[in-house]
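Guided by the hints, dock chain B onto chain A, whose structure is given.
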Amino acid sequence: MRYLPLTESDRAEMLGVIGVDSIDALFADVPDAAHLDGPVDLPRAMGEIEVERLISRMAARNVSAGSVPFFIGAGVYRHHIPAAVDHLIQRGEFLTSYTPYQPEISQGTLQYLFEFQTQVALLTGMEVANASLYDGATACVEAVMMAGRVTGRRKAVMAGGVHPHYREVCETYARFVGFELQAHDPVPGGENLVAHVDRDTSCVVVQNPDFYGEIRDYSRLARICHDAGALLVVVVAEILSLGAIRPPGEMGADIVAAEGQSLGNALNFGGPHVGLFATRDKFVRQMPGRLVGQTVDTDGRRGWVLTLSTREQHIRRERATSNICTNAGLCALAFTVHLALLGEAGLTRLARLNHAAAVALAERLEQVPGVRLVNRTFFNEFAVQLPRPAAEVVEALAERDVLAGVPVSRFYPERAEAADLLLIAATEITTREDMDRLEAGLRVVLS
Amino acid sequence: MNDWSRAISTHRVDDMPSPFGTVTGNRGLQIEETLIFGQDSPGHCGVDLPEPAPFRSRLGGLERKSRIGLPGLSEPQVVRHFTRLSHNNYAIDTGLYPLGSCTMKHNPRLNEKLARLPGLADIHPLQPVSTVPGALELIDTLAHWLKVLTGMPAIALSPAAGAHGELCGIMSVRAALEARGDRRSRVLVPESAHGTNPATAAACGYTVDQIPADATGRVDRAALEARLGSDVAALMLTNPNTCGLFESEIIEIAATVHAAGAFFYCDGANFNAIVGRVRPADLGIDCMHINLHKTFSTPHGGGGPGSGPVALTESLAPYAPLPWIVHGPDGLRLLEHKAGPAEHSLGRLKGFHGQMGMFVRALAYMMSHGSDGLRQVAEDAVLSANYLRGRLAGELSLPFPGTCMHEVLFDDRFLKETGVTTLDFAKALIDEGYHPMTMYFPLIVHGAMLVEPTETESKASLDQFVEVLKALAAAARSGEVSRFRTAPIFTPRRRLDETSAARKPVLRWRPEPAHRDAAE
Chain A
26 MRYLPLTESD RAEMLGVIGV DSIDALFADV PDAAHLDGPV DLPRAMGEIE VERLISRMAA
86 RNVSAGSVPF FIGAGVYRHH IPAAVDHLIQ RGEFLTSYTP YQPEISQGTL QYLFEFQTQV
146 ALLTGMEVAN ASLYDGATAC VEAVMMAGRV TGRRKAVMAG GVHPHYREVC ETYARFVGFE
206 LQAHDPVPGG ENLVAHVDRD TSCVVVQNPD FYGEIRDYSR LARICHDAGA LLVVVVAEIL
266 SLGAIRPPGE MGADIVAAEG QSLGNALNFG GPHVGLFATR DKFVRQMPGR LVGQTVDTDG
326 RRGWVLTLST REQHIRRERA TSNICTNAGL CALAFTVHLA LLGEAGLTRL ARLNHAAAVA
386 LAERLEQVPG VRLVNRTFFN EFAVQLPRPA AEVVEALAER DVLAGVPVSR FYPERAEAAD
446 LLLIAATEIT TREDMDRLEA GLRVVLS
Chain B
538 MNDWSRAIST HRVDDMPSPF GTVTGNRGLQ IEETLIFGQD SPGHCGVDLP EPAPFRSRLG
598 GLERKSRIGL PGLSEPQVVR HFTRLSHNNY AIDTGLYPLG SCTMKHNPRL NEKLARLPGL
658 ADIHPLQPVS TVPGALELID TLAHWLKVLT GMPAIALSPA AGAHGELCGI MSVRAALEAR
718 GDRRSRVLVP ESAHGTNPAT AAACGYTVDQ IPADATGRVD RAALEARLGS DVAALMLTNP
778 NTCGLFESEI IEIAATVHAA GAFFYCDGAN FNAIVGRVRP ADLGIDCMHI NLHKTFSTPH
838 GGGGPGSGPV ALTESLAPYA PLPWIVHGPD GLRLLEHKAG PAEHSLGRLK GFHGQMGMFV
898 RALAYMMSHG SDGLRQVAED AVLSANYLRG RLAGELSLPF PGTCMHEVLF DDRFLKETGV
958 TTLDFAKALI DEGYHPMTMY FPLIVHGAML VEPTETESKA SLDQFVEVLK ALAAAARSGE
1018 VSRFRTAPIF TPRRRLDETS AARKPVLRWR PEPAHRDAAE
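Those protein sequences? They're chains A and B, same order as listed. With the first sequence counted from 1, adding 25 to any position gets you my numbering. With the second sequence counted from 1, adding 537 to any position gets you my numbering.
Heads up, a few of these hints could be off.
What the hints assert, rightly or not - Interface residues of chain A toward chain B, partial, derived using beta-carbon atoms under 10 angstroms:
(1) PHE52
(2) VAL76
(3) ILE80
(4) ILE130
(5) LEU135
(6) VAL194
(7) GLY203
(8) VAL212
(9) GLY215
(10) GLU216
(11) GLY268
(12) GLY300
(13) PHE308
(14) GLY328
(15) GLY368
(16) LEU378
Said to hold, decoys possible - Pair ranges (Cβ atoms, derived):
(17) ASP225(A) to HIS624(B): 50 to 56 angstroms
(18) ASP1000(B) to ASP62(A): 30 to 36 angstroms
(19) ARG310(A) to ARG1014(B): 39 to 45 angstroms
(20) ARG310(A) to GLU600(B): 30 to 36 angstroms
(21) LEU869(B) to PRO438(A): 14 to 20 angstroms
Just so you know, the hints here were simulated from the structure itself, not pulled from any lab data. Beta carbons are placed, not taken as given, at the ideal position from N, Cα and C, and that holds for glycine.
Next comes chain B alone, as it looks inside the complex:
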């Protein structure tokens, strides 16, 4: 019970540690905000609703009798609560967010505005299709843009996120193999891959075989070819890869994969590096998911919602999940069943028709940039990463030679014998007002720091970031270890005890024992 009671934050000051000496524990604009459950005014409500006139219940005696336990708050309290919480977040709106492989770029507000148009937000997926021609048009237009940009003939739009798109792709591969009576058991995944790749392959019943990287940070082709065989269903390869490097032998890799009768799945998480300049179809891939939130700027929202359309070749297209939108003599048709042209579809992967709200945002982004602007997006993203690389090459350590794509990978050799770790270095960046880069990923590089500036940072912003990184590297070398080990200091919370969080999980608030009677 002690664990639960600790969860209760109250307005009382006596149980609020205040290491900085204020009465409240607050520090100016940084406010200690209690949980909503600690702000309960029983019976209070932030929405004025009328009580219905008496009526005969049809709940069949299954009425809820117990109290739910939800707190009552007025609108001002709720608005203040969540506004205060928002102040405890770092965001792309507030600063450079160099989280490699995550692509934290500016989220245009036009996209938010358009996604909220009643004709797009206030339409139901099960309205008669005759009442939503504009919705089908929008989805079809998005698919057209994605087809032209990828060079692929078909797009599956229903996956709800990148990892869901991976599942869609590998299921399509398995369906295609089964259709030709070919049972294969292994999927090849480079060691540098995102964790979702092996997790997806395993979820689809495949054994995962890891492929090492070579000295240049790319797939070791000899190792790949040694593992290819008639039992391999697919290779899952991220390109540009998670070291921020283009797999320069990708066309040859595709050829060897195909020669073995396997499919080539491309993880399109880093499509933003090549959009408008390279069509994945020209690289020989069979399918690729696209994270709309990465390449096409739909907001990350603190972890979703995402959207993961999958581009497919002709050989995999028949297996695309439902629903399909197809061109018919009378305009666009929505196919919701495994019949007709969609007879071989692998079926449904989520409810309804996909992440429409994300489609609107992505299409608005594409239209805003146009074919020329999208190409510029890729170029500026790659230019910015290489600029950081060029300016930091002498200060931080680079595991691989040559230029990079949209993100630059450092390792921790520059911290050798300083007593400062990658984690410490990242936490010190927080004190300087920056979100850290991706740490310890990819796994093939020791103490990895993966920096992705994106195309939406100004040169001044990049220059300032460079100066901060240089100064921190110099501080580490000059022996200022405690500055790093104690960082961050100027944050709403300092380093948190993740070990005890996992050992004795407290995953929800519960009423204090003294209040429990009242709650039940």
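Isolated chain A, as found in the complex:
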């Protein structure tokens, strides 16, 4: 077996040193009833050629996004990833290292995480960010739980425009962790949340741009939350939007929970992605997840360490701020490298390109009979109302090799008013020909 360096003679020699006559002797603590006599009923070892053939065959059964006109978003966005990103994250020193528990020989990981934390804080307009969480949805629920710790209150108010998966994750945790989630109807157009903010409210959770793509100014809501002693949690499901839109920090957000996949990370059928989590300095000791901090070594040279770990499970055990151990280290590196390549000029231009593509697409689709643009504002994704169930339209277009978007009914099959809504995204990758194909396809399917 190509991955196992021990030879048969090594094994025999090692057993001799140990002083046992067979490998079975080393498994003597396993109860007799639980011993398997031989290999389980699964295929035997395979060479690279066979494994590659079998898995490639599965891959070939899927329609990859790059092979068709592609307009799907809804929390996962297809962007160009510069070649240098994937090269750098595959360096073995990054790929095959562990959590940086030994800082003297982990300064590479620690320094990029410090850069990552800085980039996230800058983008979101917040003061401090952690070293990542699993994804946007889990970052969102961690934000809600943190707001509960900060305020000592247990009711979270959630806007209907928060991504349905984020909402569902919060519902799951609410049941088991024990907080109240007052989630509003998932309809485009927003709602008046102010009336629901009271003295029991730990936080109000909104998304910007929201699930339907609409952009809002939450400054007033932030003030109302603060007057009531509650926190404002702003979710950002498309982090690239912050290259164009006023960041949550400038609107008065207390916690930003975001999905960072758009920078450096592939679609990956939904994972792994990278959760971003940023807040105010004053709440830092209530944050979940790893934090990298700056310090000096015994020679007085600047260096980095994991810090404030007394919040964490490996020190505090059942009194930890979260049970999280792993973060999304390598996905955070991809994010950091991509954002380092883009820089201020590149990120803002990339955001403009995305917005321009979406505007061009929206203007064209509005001309298609039966299609109504739902949004007043949007960044790179918007909702349209169709004269027919959107799921049928999407299937019909998929048969014409166009992946047209996400029917809202996929998330809310029970809501009749969602049936005709379709979310459509365009990015810097979307070409004019892609738009031609979508427009033409829609005209045929809707006629």
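For chain B alone, coordinates are given in the frame of chain A:
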């Protein structure tokens, strides 16, 4: 502000301490690399993108007006920056990484290649299901392998990491208890457990009751049975445990847990020690998470991404989180809602369908080894740990008798009266070119050193490691204390001041005050 200004590293040599006397502070291949924020060429960009033609903005007047503060760099600068940073990391690719309970084994590159196939990496979780049959097939195939290897009938695939899998398991337990109208308040966790176990139980609203270990390093059964009662929801037990020992009475333990009406959660962090040789189902467990990065070699990536599938019995399977992949008359179906067969699901634990990129890698690893090779993985891992144990028994001190499983635990008695601590000993290993073992864990052993060589080290590599440990133990005994206390010396940084890092946290770079106007 002084704190922030210290964060600015520049190319100037005058503020760069250079204890080794070079002008730059560099030492040959070891380069002092400044933060990217100190390398800003305003306006510069490492990605060539066109400026869009003029268009009518639909941002509704909410355009970003402030500068973000990101530095501008070209591609060569970025590639060099991160390549230089990589040189400051230890990795399994560069050496033996005996971090006990973390399982730092070789990461096959075939897995990386396959995870990047466009048909797997460039597919969207919300594409019409009809356009991703191969993705469902791959996930279902992975689930099948995991079911056969664990002997368990159901696998929940969405948890994003081991700790997330624990949460999934304990939530499933609570859902099952609630479904039978049984409100229980306590979860039993051995003192030797990973910190995630008590943190998970507490997050799910349970009080944590610690169970001590007995003199052999295993759960004290008498103490366990004394604490079991009708208010106990579950026992969370790691097996093999964090002392590197198999819980030999596990079947009896499972029986007493079940007799009390509780569930048996197994922390499968150490499944790599028994994979292919023992099916957890045959031990009487009700659920177990599997860290794909430990047993099935998905890369640790400096701390993630992970993946923590959970194996469940029939009694817990109805509560598995969404989504589910089920076999239907027309092939595989993706269930994304609490309806039909998934009516009782506890709901969603993360966005979308789980860590697909990790599934591909784990499946490639499993297929490469096959059922025979996986069994060999467990055997070689256990053999290697016992080989270290056998060769070091006379030099280092062993807290528990008998053979071990995939990792060998030492305590610090061999350092008694030398003035050298476990920490010092570990740091001296760094100077010898090794990543240290896990230190001070498990907590039940004084000055613990937990060594896990894994199955991917050659005998020569193990022998060399043994010689180094022996020589260091001899040096400690012969009174070479300062060598240990000052270690490491030959590293990019020496011991770092963690106390001041926590007391006055500096968690990000900020522009120097003088530059602040320009930044805003």
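Quick rundown of the hints versus the structure:
no., hint, result
1, PHE52, "holds, 6 angstroms"
2, VAL76, "holds, 5 angstroms"
3, ILE80, "holds, 5 angstroms"
4, ILE130, "holds, 4 angstroms"
5, LEU135, "holds, 8 angstroms"
6, VAL194, "holds, 5 angstroms"
7, GLY203, "holds, 5 angstroms"
8, VAL212, "violated, 19 angstroms"
9, GLY215, "violated, 12 angstroms"
10, GLU216, "violated, 18 angstroms"
11, GLY268, "holds, 7 angstroms"
12, GLY300, "holds, 9 angstroms"
13, PHE308, "violated, 12 angstroms"
14, GLY328, "holds, 4 angstroms"
15, GLY368, "holds, 4 angstroms"
16, LEU378, "holds, 5 angstroms"
17, ASP225(A) to HIS624(B): 50 to 56 angstroms, "holds, 53 angstroms"
18, ASP1000(B) to ASP62(A): 30 to 36 angstroms, "holds, 32 angstroms"
19, ARG310(A) to ARG1014(B): 39 to 45 angstroms, "holds, 43 angstroms"
20, ARG310(A) to GLU600(B): 30 to 36 angstroms, "holds, 35 angstroms"
21, LEU869(B) to PRO438(A): 14 to 20 angstroms, "holds, 19 angstroms"
Going down the numbered hints, you'll see the structure goes against 8, 9, 10 and 13, while the others check out.
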